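*Asks:* Chains Z and D are the protein sequences, given in the same order.
Numbering follows this note's numbering, with no gaps: position 4 of the first sequence is 4.
Heads up: take any position in the second sequence, counting from 1, add 1000, and you land on this note's numbering.
Hints in this document: simulated from the structure, not taken from any laboratory.
Be aware that a few hints might be false.
Not close to chain Z: a few residues of chain D, all C-beta gaps over 10 Å, as computed [stated by the list, open to error]:
no.	residue
1	V1044
2	T1049
3	A1053
4	G1059
5	R1095
6	A1098
7	V1106
8	L1107
9	S1108
10	T1114
11	P1122
12	V1125
13	A1131
Derived DEER-like restraints, expressed as beta-carbon distance ranges [unchecked claim]:
no.	chain 1	residue 1	chain 2	residue 2	range
14	Z	R121	D	V1094	28 to 34 Å
15	D	R1068	Z	S89	30 to 36 Å
16	Z	G58	D	V1106	20 to 26 Å
17	Z	A85	D	D1055	19 to 25 Å
18	Z	R87	D	A1053	23 to 29 Å
19	Z	F62	D	A1098	41 to 47 Å
20	D	R1095	Z	R87	52 to 58 Å
Note that the coordinates shown come from a computational prediction; the quantities given were computed from them, not determined experimentally.
By construction, the Cβ of each residue, glycine as well, lies at the ideal position given by its N, Cα and C atoms.
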Amino acid sequence: MIGDGFAEVLAAAQEGSEAAFSRLWRDGNPALLRYARVVAAEGAEDVAADTWLHVVRGLADFRGDERAWRAWLFTTARRRAIDYARRRSRRPSGPLDEVPPGLLPAAPDAADLAIERISTRSAVALLAGLPAIQAEVIMLRVVAGLDTETVAQLVGRSPGAVRVAAHRGLRRLAGILAQAGVTL
Amino acid sequence: MPNLPWPTHSRGEPVTGDPSLAGLLAWAEFPAGSAPEMKPVAEVLAALTAGPADDELAGEAAALAAYRNRGSVPRPATRARRRRRRPLFPFPSVRVAAAVAAAAAVLSVSAFATAAYTQVLPAPVQRLAHAIIGAPGAGGGPATGPSPAGPGTTGAGGTGSAGGTPTGRAQPSPTSHVTGQPGTQPTPQGSAEPSTEPTPSDSGTPTPTKSRGKPSTHPTNGNGNGGGNGNGNGNKNGASTPTPQP
């Protein structure tokens, strides 16, 4: 979060300051990438890059504070992730048995991820193992820093449904970690 | 508290109060007083909000390049979609009705043209069709079918009258099959006299073929069989001129 100086940084970026835009990008991109890794898996890099492309195009017209900025950023990312999923579903894909075993992605086991020291990437992989809506809501609440009402608007559900999904996701996550015997 | 017959939480899930979960979500840290089984969850959430890794800042150059070229990139596709023109017929029912109307109009025009070229339209309409689409005129034009006069038009005993009207307009007669009969009023002078009444051979294009009588323009003494030639030579003022057909 940029904090108090956000308005000045945003104004400078809208007027063409590359340094100001760089600050916006360095503040937002890590969270954006982590969110995209949960909702778009291997397409996270493409989704993040496409999101910034759209943000750049609409930057001059944006009005709002830092909270609104993050809401806009993740709303754009969510739409790009949906577009990515549609494109991917239209693309023909061959059966897995035709792919050499060495090229198959190694799915991380949740227990292995939990036993090792929790890194950011491992935490993202753990979240990605949850049901989609639960994982997305937790990411938007924790990583994007959005409140329940904003998340509800973003995902098109009621605030109550968002709370329920987040709590169920956290309980499920606790169950996974308990089964793995993680004691931190 | 009711004794519910089903469990209120899933098997294997730790029982944790909602306030501690809300605290986890709000601060991504382990709130004081939370259940101890939630401590690993708090660690995971804290890892999610950790500082950026190197690979997470690797795309800065590309983002800055896009920022520099923001003036040359086209507007997002969503805006282009908003500017799309509305369809002429926005509702499906209106589209169907328009298609049916168009098909009916095409069929009507086709039927009119077909009727005009086959000369089955009433004379005024046929003239109109002649003027508009070049169809054969009323009472004129090449007749592809048999002559309306039919066989026996100029046969023996035919009246031989040209049937021209005094005004010079040839008019078709609805009684086109009576000319083969002997004239009801044999005229000794033959039928060279113009008749004011319409006669069957009045199509304007008399057909002298199949005539068993002797065609002659000279008046003869009638014997009841009529001496007219039936070729319409007796037309006094008629506009129809006999056109021998092969």
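*Asks:* Against chain Z, does A1098(D) hold up as non-interface, every C-beta pair farther apart than 10 Å?
*Replies:* For A1098(D), whose nearest Cβ neighbour in chain Z is about 33 Å away, the distance exceeds 10 Å, so it holds.
*Asks:* Over 10 Å from every CB of chain Z: does V1106(D) meet that, or does the non-interface label fail?
*Replies:* The claim stands: V1106(D) keeps its Cβ more than 10 Å from every Cβ of chain Z (closest is about 39 Å).
*Asks:* For the range 23 to 29 Å, tell me whether the beta carbons of R87(Z) and A1053(D) fit it or not.
*Replies:* holds, 27 Å
*Asks:* A range of 20 to 26 Å was offered for this pair. Does it hold for the Cβ distance of G58(Z) and V1106(D)?
*Replies:* violated, 49 Å
*Asks:* Holds or violated: 19 to 25 Å for the Cβ distance of A85(Z) and D1055(D)?
*Replies:* holds, 23 Å
*Asks:* According to the definition I'm using, a residue is off the interface if its beta carbon is farther than 10 Å from all beta carbons of the partner; does L1107(D) meet that for chain Z?
*Replies:* It holds; L1107(D) is separated from chain Z by about 42 Å at its closest Cβ, greater than 10 Å.
*Asks:* Would P1122(D) pass as off the interface with chain Z, using Cβ distances and a cut of 10 Å?
*Replies:* About 62 Å separates P1122(D) from the closest Cβ of chain Z, which puts it past 10 Å; holds.
*Asks:* If we take the beta carbon of T1114(D), is the closest beta carbon in chain Z still more than 10 Å away?
*Replies:* holds, 50 Å
*Asks:* Please check whether R1068(D) and S89(Z) have a Cβ separation lying inside 30 to 36 Å.
*Replies:* Distance hint for R1068(D), S89(Z) holds at roughly 34 Å.
*Asks:* In this structure, is the beta-carbon distance linking R1095(D) and R87(Z) contained in 52 to 58 Å?
*Replies:* violated, 31 Å
*Asks:* Does the no-contact call for T1049(D) survive, Cβ to all of chain Z over 10 Å?
*Replies:* violated, 6 Å
*Asks:* So A1131(D) supposedly isn't at the interface. Is its beta-carbon more than 10 Å from every beta-carbon in chain Z?
*Replies:* holds, 59 Å
Taken one by one, the earlier hints fail for this structure at numbers 1, 2, 3, 4, 14, 16, 20, listed in ascending order.
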